[in-house]
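*Asks:* Sequence:
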Amino acid sequence: MMANHDTQVVEPAADERQELFTYITGLIAALILTLAAFALIHYWPSLPQHTLFMAIGALALLQAAVHFRFFLHIGTKHSGDEFKVLLFTILMLIVMVGGTLWVMSNLAMRMMPHF
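With the first letter of the sequence shown counted as 1, position 26 gets the number 81 in this note's numbering; the numbers rise by one all the way through.
It is worth saying that the hints were derived from the structure and are not from the lab. It is possible that some hints are incorrect.
As the list claims (entries may be wrong) - Label-pair restraints from in silico Cβ distances:
| # | residue 1 | residue 2 | range |
| --- | --- | --- | --- |
| 1 | Leu102 | Ile79 | 31 to 37 Å |
| 2 | Ile96 | Ser160 | 18 to 24 Å |
| 3 | Ala163 | Met109 | 19 to 25 Å |
| 4 | Ile79 | Leu162 | 37 to 43 Å |
We treat Cβ as the ideally placed atom computed from N, Cα and C, and that holds for glycine.
Put together the whole structure using the sequences plus the hints.
*Replies:* Okay, structure coming up:
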(Lines of atoms letter the chains of each structure in order from A and count residues from 1; the text may use other names and numbers.)
(Lines give C-alpha, C1' and ligand atoms only; values in the text may rest on other atoms or scores of the structure.)
Protein backbone atom coordinates (compact mmCIF):
# COMPACT_ATOMS: atom_id res chain seq x y z
CA MET A 1 0.00 0.00 0.00
CA MET A 2 1.12 3.49 -0.75
CA ALA A 3 0.88 6.34 1.69
CA ASN A 4 1.34 10.09 1.59
CA HIS A 5 4.35 11.55 3.35
CA ASP A 6 2.29 12.84 6.27
CA THR A 7 0.02 9.81 6.82
CA GLN A 8 0.91 6.32 7.88
CA VAL A 9 -0.94 3.30 6.52
CA VAL A 10 -0.84 0.03 8.41
CA GLU A 11 -0.19 -2.95 6.18
CA PRO A 12 -2.84 -5.71 6.36
CA ALA A 13 -0.16 -8.32 7.07
CA ALA A 14 1.12 -6.35 10.06
CA ASP A 15 -2.43 -6.00 11.37
CA GLU A 16 -3.00 -9.75 11.02
CA ARG A 17 0.27 -10.49 12.84
CA GLN A 18 -0.77 -8.18 15.68
CA GLU A 19 -4.16 -9.91 15.94
CA LEU A 20 -2.51 -13.35 15.94
CA PHE A 21 -0.11 -12.18 18.65
CA THR A 22 -3.10 -10.99 20.70
CA TYR A 23 -4.82 -14.37 20.38
CA ILE A 24 -1.67 -16.31 21.27
CA THR A 25 -1.07 -14.07 24.30
CA GLY A 26 -4.66 -14.65 25.42
CA LEU A 27 -4.33 -18.39 24.93
CA ILE A 28 -1.16 -18.55 27.00
CA ALA A 29 -2.68 -16.41 29.77
CA ALA A 30 -5.84 -18.56 29.81
CA LEU A 31 -3.80 -21.77 29.99
CA ILE A 32 -1.66 -20.43 32.82
CA LEU A 33 -4.72 -19.40 34.83
CA THR A 34 -6.40 -22.77 34.23
CA LEU A 35 -3.29 -24.70 35.23
CA ALA A 36 -2.91 -22.51 38.32
CA ALA A 37 -6.41 -23.47 39.48
CA PHE A 38 -5.69 -27.17 38.98
CA ALA A 39 -2.32 -26.80 40.73
CA LEU A 40 -3.98 -25.25 43.78
CA ILE A 41 -6.17 -28.30 44.23
CA HIS A 42 -3.56 -30.89 43.33
CA TYR A 43 -0.45 -29.57 45.10
CA TRP A 44 -1.97 -27.67 48.04
CA PRO A 45 -4.99 -29.65 49.23
CA SER A 46 -4.07 -28.90 52.84
CA LEU A 47 -4.99 -25.23 52.45
CA PRO A 48 -8.23 -24.28 54.19
CA GLN A 49 -11.28 -24.85 52.01
CA HIS A 50 -12.31 -21.19 52.23
CA THR A 51 -8.88 -20.09 50.99
CA LEU A 52 -9.02 -22.51 48.06
CA PHE A 53 -12.48 -21.28 47.07
CA MET A 54 -11.39 -17.65 47.22
CA ALA A 55 -8.23 -18.32 45.21
CA ILE A 56 -10.10 -20.28 42.54
CA GLY A 57 -12.76 -17.55 42.40
CA ALA A 58 -10.08 -14.91 41.89
CA LEU A 59 -8.48 -17.01 39.14
CA ALA A 60 -11.91 -17.37 37.50
CA LEU A 61 -12.40 -13.60 37.50
CA LEU A 62 -8.97 -13.13 35.96
CA GLN A 63 -9.84 -15.79 33.38
CA ALA A 64 -13.01 -13.85 32.47
CA ALA A 65 -10.98 -10.65 32.13
CA VAL A 66 -8.51 -12.41 29.83
CA HIS A 67 -11.34 -13.67 27.65
CA PHE A 68 -12.94 -10.22 27.49
CA ARG A 69 -9.68 -8.50 26.60
CA PHE A 70 -7.95 -10.94 24.26
CA PHE A 71 -10.76 -12.89 22.61
CA LEU A 72 -13.81 -10.61 22.71
CA HIS A 73 -11.68 -7.45 22.27
CA ILE A 74 -13.53 -5.59 25.01
CA GLY A 75 -10.99 -3.21 26.43
CA THR A 76 -10.88 -0.16 28.62
CA LYS A 77 -12.84 2.09 26.27
CA HIS A 78 -16.50 1.74 27.14
CA SER A 79 -18.93 1.85 24.27
CA GLY A 80 -22.62 1.18 24.73
CA ASP A 81 -22.47 -2.24 23.08
CA GLU A 82 -19.52 -3.39 25.16
CA PHE A 83 -21.29 -2.29 28.33
CA LYS A 84 -24.40 -4.24 27.34
CA VAL A 85 -22.30 -7.36 26.70
CA LEU A 86 -20.66 -6.96 30.10
CA LEU A 87 -24.01 -6.54 31.87
CA PHE A 88 -25.48 -9.55 30.09
CA THR A 89 -22.47 -11.65 31.05
CA ILE A 90 -22.76 -10.62 34.69
CA LEU A 91 -26.48 -11.42 34.65
CA MET A 92 -25.84 -14.87 33.17
CA LEU A 93 -23.14 -15.59 35.75
CA ILE A 94 -25.47 -14.59 38.58
CA VAL A 95 -28.25 -16.80 37.20
CA MET A 96 -25.94 -19.80 36.66
CA VAL A 97 -24.07 -19.58 39.95
CA GLY A 98 -27.15 -18.66 41.98
CA GLY A 99 -29.23 -21.41 40.36
CA THR A 100 -26.50 -23.99 40.92
CA LEU A 101 -26.15 -23.05 44.58
CA TRP A 102 -29.93 -23.14 45.03
CA VAL A 103 -30.29 -26.58 43.44
CA MET A 104 -27.30 -28.02 45.30
CA SER A 105 -28.49 -26.72 48.69
CA ASN A 106 -31.98 -28.06 48.00
CA LEU A 107 -30.54 -31.46 47.12
CA ALA A 108 -28.34 -31.44 50.24
CA MET A 109 -31.37 -30.78 52.44
CA ARG A 110 -33.34 -33.58 50.77
CA MET A 111 -30.47 -36.04 51.23
CA MET A 112 -30.24 -35.45 55.00
CA PRO A 113 -31.29 -38.47 57.02
CA HIS A 114 -34.64 -38.13 58.76
CA PHE A 115 -34.71 -39.20 62.39
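*Asks:* Does the Cβ distance between Ala163 and Met109 fall inside 19 to 25 Å?
*Replies:* With a Cβ separation near 21 Å, Ala163 and Met109 satisfy 19 to 25 Å, so the hint holds.
*Asks:* Note whether the CB distance of Ile79 and Leu162 lies within 37 to 43 Å or breaks it.
*Replies:* For Ile79 and Leu162 the Cβ distance comes to about 42 Å; the hint holds.
*Asks:* Does the hinted range 31 to 37 Å hold for Leu102 and Ile79 at CB?
*Replies:* holds, 32 Å
*Asks:* Holds or violated: the 18 to 24 Å window for the beta-carbon distance between Ile96 and Ser160?
*Replies:* holds, 22 Å
Figure legend: structure checked against the earlier numbered hints; every hint is met.
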